[in-house]
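Student: One line per chain: the protein sequences are A and B, in this order. For the first sequence, the residue numbers in UniProt numbering are 1 to 201. For the second sequence, the residue numbers in UniProt numbering are 1 to 201.
Just so you know, these hints were derived from the structure itself, not from any lab. Incorrect hints may appear among the rest.
Which copy is meant is left open, so a pair is good if it fits within one copy or across any two.
Claimed, not checked - Derived EDC-like pairs (lysine to aspartate or glutamate); straight-line CA-CA distance at most 16 Å:
| # | residue 1 | residue 2 |
| --- | --- | --- |
| 1 | 38 | 90 |
| 2 | 37 | 118 |
| 3 | 169 | 138 |
| 4 | 169 | 141 |
| 5 | 169 | 11 |
| 6 | 169 | 82 |
| 7 | 37 | 81 |
| 8 | 37 | 151 |
| 9 | 37 | 55 |
| 10 | 38 | 81 |
| 11 | 169 | 40 |
| 12 | 37 | 132 |
| 13 | 37 | 90 |
| 14 | 38 | 55 |
| 15 | 37 | 93 |
Number of protein chains: 2
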Amino acid sequence: MPKAVAGPEIERLIQLLARLPGLGPRSARRAALFLIKKREPLMAPLAGALQTALETITVCNTCGNVDSQNPCTVCSDPRRDDNVIIVVADVADLWALERATAVNAKYHVLGGTLSPLDGVGPDDLTIGALVERAHAPEVTEVILALNATVDGQTTVHYITDLLHSANVKVTRLAHGVPVGGELDYLDEGTLAAAMRQRTQI
Amino acid sequence: MPKAVAGPEIERLIQLLARLPGLGPRSARRAALFLIKKREPLMAPLAGALQTALETITVCNTCGNVDSQNPCTVCSDPRRDDNVIIVVADVADLWALERATAVNAKYHVLGGTLSPLDGVGPDDLTIGALVERAHAPEVTEVILALNATVDGQTTVHYITDLLHSANVKVTRLAHGVPVGGELDYLDEGTLAAAMRQRTQI
Numbered sequence: 001m002p003k004a005v006a007g008p009e010i011e012r013l014i015q016l017l018a019r020l021p022g023l024g025p026r027s028a029r030r031a032a033l034f035l036i037k038k039r040e041p042l043m044a045p046l047a048g049a050l051q052t053a054l055e056t057i058t059v060c061n062t063c064g065n066v067d068s069q070n071p072c073t074v075c076s077d078p079r080r081d082d083n084v085i086i087v088v089a090d091v092a093d094l095w096a097l098e099r100a101t102a103v104n105a106k107y108h109v110l111g112g113t114l115s116p117l118d119g120v121g122p123d124d125l126t127i128g129a130l131v132e133r134a135h136a137p138e139v140t141e142v143i144l145a146l147n148a149t150v151d152g153q154t155t156v157h158y159i160t161d162l163l164h165s166a167n168v169k170v171t172r173l174a175h176g177v178p179v180g181g182e183l184d185y186l187d188e189g190t191l192a193a194a195m196r197q198r199t200q201i
Numbered sequence: 001m002p003k004a005v006a007g008p009e010i011e012r013l014i015q016l017l018a019r020l021p022g023l024g025p026r027s028a029r030r031a032a033l034f035l036i037k038k039r040e041p042l043m044a045p046l047a048g049a050l051q052t053a054l055e056t057i058t059v060c061n062t063c064g065n066v067d068s069q070n071p072c073t074v075c076s077d078p079r080r081d082d083n084v085i086i087v088v089a090d091v092a093d094l095w096a097l098e099r100a101t102a103v104n105a106k107y108h109v110l111g112g113t114l115s116p117l118d119g120v121g122p123d124d125l126t127i128g129a130l131v132e133r134a135h136a137p138e139v140t141e142v143i144l145a146l147n148a149t150v151d152g153q154t155t156v157h158y159i160t161d162l163l164h165s166a167n168v169k170v171t172r173l174a175h176g177v178p179v180g181g182e183l184d185y186l187d188e189g190t191l192a193a194a195m196r197q198r199t200q201i
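If we strip away everything but chain A, and leave its shape as in the complex, we get:
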């Protein structure tokens, strides 16, 4: 067994950093040393930022986004269109869409996708709250922005069925050739979908 070379404080810091996604035990050690070397410019601000985040960040009761205010920045933005709800599986997807597009709409975070194999059923997601929101008179469109995976598309069909009773248009993201993608390397399902959903120039 290796002898202890550093105090328990450093070991604990390494162990916690190693639990972050993208960092393993070895890179957590590198990160800890980096933090120790950049004490004032990085370690102190990071400790402060984590403490601030702990004290301020909550989940939005309306859409499920994480923010320091509740309702969140998106839900309380008066410039956003109340008529359109974009449904995403996860907050990360919400952020990705906001970076990529300029859709002026509200969001709804499901908290995952239906996955019978993993034991995720409708009651584990915020589908009930979505159906309720979709029945509000001002809502005209629900955009299902879910992953193009089996679980994602199962969820799309399940939600579409539930929203039949609401007077809303239900849409989903287009399938097609990724921008910059080469046809030769694409799978046949994507190519066939891109051909079916071709658009006029």
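Following the hints, put chain B in place on chain A, whose structure we already have.
Tutor: Relative to the frame of chain A, chain B by itself:
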């Protein structure tokens, strides 16, 4: 320009996490979301661990190791041999050696290697303090455990010259075939060194 979807507290956390080695802007976002989701089991302990580290961790005045005590755990360990000093470039190398070997010795962290191209000269490293330590009567061997790079080996030669006046044996790590390595894939310099330094079975 994307609209703000999360408060400035989250953005600040992401920016700071992105400066850690091994995390880029995208993985920092993932890490921040992960922390927000694991608020109690991970975010709170990490904030605490960073604060504790900030308050307790110092650099050892003797060897340059980082620890919560000064002199550090290694320097103040009475079971360690005072006769041997292992010279390393960086604290990470000290930790790596401690994990790998059972050498019962003290350390000396140089803080880098000589690098004329990067403007690192002898005065930027703790070479003076090392020479002083090596002149202590109890020291019999100085092991130069530096990288097998040009800069590392330049530093080895420079320090070896300086230690001529001290009555110590100066050694360096063996070159050779890495354990598990295949001869076919090794560079010629390593193979030649492994042949020259072959050992009797």
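Student: Each hint should be assessed against the structure and marked as holding or not.
Tutor: Hint by hint, here is what the structure shows:
1. 38 to 90: between (33 Å within a copy, 15 Å between copies)
2. 37 to 118: Cα proximity of residue 37 and residue 118: none, with 42 Å in one copy and 19 Å across.
3. 169 to 138: within (12 Å within a copy, 84 Å between copies)
4. 169 to 141: For residue 169 and residue 141, only the intra-copy Cα distance (5 Å) is at most 16 Å; the inter-copy one is 80 Å.
5. 169 to 11: Neither: 54 Å inside a copy, 34 Å across copies.
6. 169 to 82: within (14 Å within a copy, 79 Å between copies)
7. 37 to 81: For residue 37 and residue 81, neither the intra-copy (47 Å) nor the inter-copy (28 Å) Cα distance is at most 16 Å.
8. 37 to 151: neither (45 Å within a copy, 22 Å between copies)
9. 37 to 55: Classified as between: cross-chain Cα gap 14 Å, same-chain 27 Å, threshold 16 Å.
10. 38 to 81: neither (44 Å within a copy, 32 Å between copies)
11. 169 to 40: neither (53 Å within a copy, 40 Å between copies)
12. 37 to 132: neither (52 Å within a copy, 25 Å between copies)
13. 37 to 90: between (35 Å within a copy, 11 Å between copies)
14. 38 to 55: between (25 Å within a copy, 14 Å between copies)
15. 37 to 93: Only across copies: residue 37 and residue 93 sit 15 Å apart there, 34 Å inside one copy, limit 16 Å.
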